[in-house]
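**Student:** In case you want the letters, here they are:
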Amino acid sequence: MNHYQERVYLQGHIIDSLVLAKVLDLILMMGGTFDLEDVHIGKTREEPSHARIRIQTASRTLLDDILNAIQPHGASIEREADCRTDCAPTDGVLPDDFYATTHLPTQIRLNGRWLDVGRIEMDLAIVVHEAGSVAQAVPMSEVRCGDQIVIGREGVRVIPLQRPRERDVFGFMESQVSAERPHAHIIADVATRMRQMKERHRERQSDSHVLLAGGPAIIHAGGREALTWLIEQGFIHILFCGNALAAHDMEADLFGTSLGYGLTAGRAVPHGHEHHLRTINRIRAIGGIEAAVTSGMIKQGIMAACVRQGVPVVMSGTIRDDGPLPGVITDSVLAQRAMRALIPGVGLALLVASTLHSVATGNLLPATVPTVCVDVNPSVPTKLADRGSFQAVGLVMDAASFQSELARLLGKST
Amino acid sequence: MSRLLVCPPDFFGIEYEINPWMRRTNRVDHGRAVRQWHELMRVLGKDVGVVLEHMTPIPGLPDLVFTANAGIVVGRTAVVSRFRYPERQPEEAHFEEWFRKQGYDVVTIEQELYFEGAGDLLGFSEYWFGGYRQRSDIRVFPILSERFHREIIPLDLVDSRFYHLDTCLCSLSGGELLYFPAAFDRYGQAAIAERIPDKLRLAVPEDEALQFACNAVCVGKHVVLPTGCPTTQAWLRMRGYETHQVQLDEFMKSGGSAKCLTLALD
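Sequences listed follow chains A and B, in order.
Position one of the first sequence corresponds to residue 1 (my numbering), numbered consecutively onward.
Position one of the second sequence corresponds to residue 415 (my numbering), numbered consecutively onward.
Okay, the calculated bits of chain B under chain A, using three or more residues with CB under 8 Å as the criterion: (1) 538-549; (2) 555-563; (3) 566-578; (4) 599-607.
A short list of chain B residues far from chain A (calculated; beta carbon distances all over 12 Å): (5) Gln-503; (6) Arg-653; (7) Gly-654.
To be clear, the hints were calculated from the coordinates, so they are not data collected in a lab.
For glycine and all other residues, C-beta sits at the position ideal for the given N, C-alpha and C.
This is chain A alone, in the form it adopts within the complex:
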């Protein structure tokens, strides 16, 4: 019987060099047995591989002999170590070898125990507060001089995603993007999740918010009515957008056009290109969107629904904006901060018809949040996946069809 065992760790370019094969051969040749507990093979030649090997032997002496024989080949006995920290040298600057986060659940080891990192998000650092009892992901710009920042990789572990209980499209966690794939089952799964979220939201359960980040194509393509309905019915709880979505939504209410096109007539109307400017001007004159809705100037649409339902809206500005509307945050660091503040509690994210807002939101979402990215241009979901949001399900279709089908499945009469 093999009663003696030890776990060793081997890392580096151990596959092509046959170092792993050599270590395993040595263990067997010397009379031990092994279990390969965890093998990660680098996806590219550059990326290192690693293996965790549990060695079993019949005697303590043999185990020591094997450990001595494989140690020169890089096999090290695994001992857990605390993470290391260093002070941020100044406001907005991290120590040089700071640990850069992924958006997967992450833990750090402090004073001998593993601690969850709060507010995880990709490409941030980890700050340790309150004498090591709280760890939180922190963006570079928010770091303050003297903050204790985790450095190196020791004492940091990333926990792979568990498959969700639900056996739906999000369970496969794949973001293959194709216009040729059927859409119906994906939209049906999104609808099912939204119905569950609405229930959970009503019961004030955690992670029950549905976030929609969208672009103005929703209005141009005719998805405004469906999205308005979804907000009014309590299916959407947070809206991220830019100046344009809000402006064209209210242009539609005031003038019946979107970027000058008559939404019902389907053609450009005389001087229609001025409508969104006149809309923005009127909202600026009355003091803001909320005032426009409560005064009755804006009667219907997405913004009106958000105001009436108390749905928080973050409008982030861009360099090409007209106006902008009051409430648009033109400092992108502040906009990112405002978006980030609303991420805790999000249980489903819909990123619709906007490269900018989809990627920006994707960057902020933990990998644990089911995400669907809808765009008529396949490069948008592809870009999102390439930037690390591997959990996002890509759907290549136009925004209006998506919103309308979603609303229909959730009970909107057509």
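Place chain B on chain A using the hints.
**Tutor:** Chain B only, in chain A's frame:
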């Protein structure tokens, strides 16, 4: 233009024994060693056309002449060696100081891991080979690999006469490789064969391997190697290289030859 770091052999000699080549009784003819070193410099500087950067020799550090073991240089970063034997450890500070004075970003291996520089780490633009067990520690390679985003294939050095990788393996600018297979175990031999096709690989015969044929300096289409290696030389010429032979037997008494006496800077 290529630059090489060299150190004049003012204080070169055999004062200790840390490899099978070194015998204190086998005295170095100092005048001859100096003449051989200057001939190597002449070939490198004039015939090959490299720029030579000189270190100041230090009394009491006879092996400072072997600058290949100073560390490795990648771009403007220098990783300073950490020698296994205490006899050579005092060299570390001098190499580090030279790199710092030249404005390199100097990296030192934090952990207690041995690393003997370009003596044990060499290869091609996409990947490197790392020799371990005799001198360098295999655990240093994942650290360097992550730092420089380069694949490093560790190779176990199993023959103590070939105690550094650059004594038994030499990568050439055209993607070819000189190596002495018996210096590696079957895993290492298989790993090398897997990477380099047969026709690009010369298995150097043992008599030439013992002349340190693999301890050659390749700069562009020039290869500088020790005398007494006709098979290697013929193969190199067949592959289109211009070869330059230099008599370096005084340095062989210490277990080093052309490559050991230089460090590629960029």
